[in-house]
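Chemist: Spelled out, the chains give:
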Amino acid sequence: MNILMDKNIKYIVESLNKSRASDGVSIMEVCGTHTMVISRYGLRQIIPETINLISGPGCPVCVTPASDIDTILEITENYDISLFTFGDMLHVPGSKSSLYDKKSEGKDIKICYSPSDALNFAKKNPSRKVILLAIGFETTIPLTSVIIKRAYTEKINNFFIYNVHKLIPEALETLLKDEHVKIDAFLCPGHVSAIIGSIPYKSIAEKYRVPCVISGFEPFDILESIDMIIKQIKDDRYDVQIQYNRVVREEGNPAAIKLIYEVFDKTDSVWRGLGNIPDSGLKLKEDFLRFDAKIHFPVKKIKSKEPPGCRCGDVLKGIKKPFECKLFSKVCRPDSPVGPCMVSSEGSCAAYYRYEKLKA
Amino acid sequence: MCLAIPAKIIKINKNLAEVESMGIKKEVDITLVPDAVKGDYVIVHAGFAIQIIDKKEAANIENYFNEYFDGQKH
Ligand code: SF4
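Going line by line, the protein sequences match chains L and B. Just so you know, we're using this note's numbering here: the first sequence kicks off at 1 and counts up by one. Just so you know, we're using this note's numbering here: the second sequence kicks off at 1 and counts up by one.
Chain L extracted, bound-state conformation (with noise of 0.2 Å):
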């Protein structure tokens, strides 16, 4: 399908073209779902070369870091559990083996669809310990939050889960500080605006100068949100707008908002290729820490290492592309992936794979 044939898209198209972004303008899309559509539409081809689409830390699964990776393979080795995680888990490769492995030596690890999916579990099976692989963003957050509450009140006391999550403001800002990378404006991710809204943003967008803009996942909507940035930046101007706002309100969904905040509390947390960050993490209360698989199931601590090679904090950090990264393609592929960003089907070193390979 050759997109450009759309008149909308054709339209937006023109309008970037006579806007001329003259002096090159570095736009990092952080969503794992917008990188796919950028790579699989050919966006980066179709809009003026002056600008930059870089990826970055969108991809829940590409930023958990090898050493919860491996924390969790050694509960699986060391306690009988059954683990549910998302299929994108699997097969990320931690410091010696992976959950794909454990399971084929026989452990219970178990895709699920739904977070619900590992409650349900525990409550059939009362004499089996459940623990949830509780991994995503503020999209994510909810869902778990939801199902802690439950398993709280109908006193389950089987289920467990171990938080990876992480809040993708306080990312964007670890970014802005660096300064390795260059960031003039942010393509702000869909689904977990519908969440928290635009109001985060707006702090970030003044103080760094960087207009943010909201979009959602059709080829119209980013290009349509990469238009509003290059207009914001040719004004002047370093506000959040909402493209995506057939499901983005400015003050997100305070329900689920209220939820998050029941159970949970900012704390730091580290991101592979960004290390530390503070409050970017989030810790279970204290009525809800019977909960926490971490505390419940010790394991000892392994030193963990980064697959050798992988360039995947740079990647995951918009410094490097996945093409410069020596092993993409040759040795890297979907198929037999060294690192998460190509494990990950949202990880941008699939996505630039999947789609963009020959065109590197």
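Please note that a few of the clues may not be correct.
[Said to hold, decoys possible] Below are the BS3-like pairs computed for lysine-lysine, each with C-alpha atoms no more than 27 Å apart in a straight line:
#1 L:Lys123 / B:Lys26
#2 L:Lys330 / L:Lys301
#3 L:Lys123 / B:Lys11
#4 B:Lys55 / L:Lys258
#5 L:Lys124 / B:Lys55
Don't read these hints as lab results, they were simulated from the structure.
Given chain L, work out where chain B with the ligand should sit, using these hints.
Modeler: Same frame as chain L, now just chain B with the ligand:
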């Protein structure tokens, strides 16, 4: 994994709703959208409705997703 899908609410029973999306019916949890009523379109992520969609736009989104998934098969 943040992919979320639009669906129409057909029936509500406490915290659960029957929704239809691209001809497929399923059950989703609506705890996070307490204002949702029958006939609303919602964005569904991992078995939960996370936000109500502006009605006028819902049909357009569905078209896009049909095309997206169709395209993924090739
Ligand atoms: S191509 Fe593979 S090895 Fe290189 S950064 Fe991406 S995931 Fe890591």
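Chemist: Does each hint hold? Answer for all of them.
Modeler: Cross-check of the supplied hints:
At roughly 21 Å between alpha-carbon atoms, lysine 123 of chain L and lysine 26 of chain B fall within 27 Å of each other, so this suggested pair holds. For the hint pairing lysine 330 of chain L with lysine 301 of chain L, the CA-to-CA distance comes to about 33 Å; that exceeds 27 Å, so the pair is violated. Taking the CA atoms of lysine 123 of chain L and lysine 11 of chain B, the gap is about 25 Å. The hint holds against a cut of 27 Å. Restraint check for lysine 55 of chain B and lysine 258 of chain L: satisfied, since their Cα atoms lie roughly 25 Å apart, inside the 27 Å limit.
Proposed proximity of lysine 124 of chain L and lysine 55 of chain B is contradicted: the alpha carbons are some 38 Å apart, above 27 Å.
Violated hints, listed in ascending order, are 2, 5; each of the other numbered hints is respected by the structure.
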